Every structure is written in structure tokens, then in C-alpha cells.
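> Sequence:
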Amino acid sequence: MYEFLSGLFKWILLSIVYFFLFNTIQVIRLTGWYGEKLGSYLICADDPGMRFELKDDTIIGRGEDCDIVLNNPFISSKHARIKRGMMGFYIEDLKSTNGTIINGKKIEGSRKLRDKDVIMVGPVKLIYRS
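Count along the sequence shown starting at 1, add 312, and that's the number in our numbering.
Just so you know, the hints here were simulated from the structure itself, not pulled from any lab data.
Hints are not guaranteed to be accurate.
Unchecked claim - For lysine-lysine, the following DSBU-like pairs were computed, each having C-alpha atoms within a straight-line distance of at most 35 Å:
hint	residue 1	residue 2
1	K424	K395
2	K390	K418
3	K390	K407
4	K418	K428
5	K417	K390
6	K367	K322
Model, not experiment: these values are computed from the prediction.
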């Protein structure tokens, strides 16, 4: 009888641990590793009504094929890319003429975005919200 109860208790405990791990993984998958929600977006600083939802891979530029189209001669056809990574969203300049500036500093390579980062694409100021 003792072996039966011991075995039963072991299986119940194991089931609880697996259930906990499964739910933890689901929460991480839905909210991101550090809590970045799936609904991250950009707001235009000059017009707060302009809101751009971010996809897994978002291209910003002047070209009609971009996900976020900004009609301005100082913005390249494909200016910058925002891409979802394991730890949140990352931005990279796509070799644009005028570069991409985050919080007053020109970026080189890829950089992780943080909530309320100010992104300058040409003369357009965008604010990242997660």
C-alpha cells in the first residue's frame, strides 16, 4: 500500500511541476522574455494620433512597399527595420543616407528598443511604446 501511495504522490507532484512549467512558458511566449507585450507600437511625436503597430518585421521608409510609409524627401526608400527578437524589439538602420537616431545618438548595427525611446527617421520623431 505504501508503494502505491508513494508512486501516486510522485505522479501527482510531477504533473503539477509540468503544469507549472507549461503555464510559465505560455506566459513568456505571450508577453516576451522581459514583459514586452505583443502590442508594441510607434507614436508620431508631432501627431500623437498617428500610431503604428509593430509586426515581427517592420520596415520604415518612404517607399510604398514599406510597412510604415513616411512621405518626406529626407527619408530613404527603406530607411530602418524594426524586428522582434527573443528579448524584445530591435532596430537597425538600412544604410539610409541620413541615418537613424535613437535618443540623440546615431545607431550603427542593431540596437534593442526600450519603452519611450525616441527614434528620429529624417525629420520625423517617433516614440517607441511597449
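> For the pair supplied as a hint, K418 and K428, is the alpha-carbon distance within the 35 Å limit?
holds (17 Å)
> Check whether the Cα positions of K390 and K407 lie no farther apart than 35 Å.
Since the Cα atoms of K390 and K407 sit roughly 9 Å apart, the hinted pair holds (cutoff 35 Å).
> Check the hint pairing K424 with K395 against an upper bound of 35 Å on the C-alpha distance.
holds (9 Å)
> Between the alpha carbons of K417 and K390, is the straight-line distance 35 Å or under?
The given pair, whose Cα atoms are some 20 Å apart, holds under the 35 Å limit.
> Straight-line Cα separation of K367 and K322 no greater than 35 Å?
violated (44 Å)
> Measure nothing beyond the straight line between the CA atoms of K390 and K418; if it is 35 Å or shorter, mark the hint as holding.
holds (17 Å)
Violated hint for the displayed structure: number 6, the only one.
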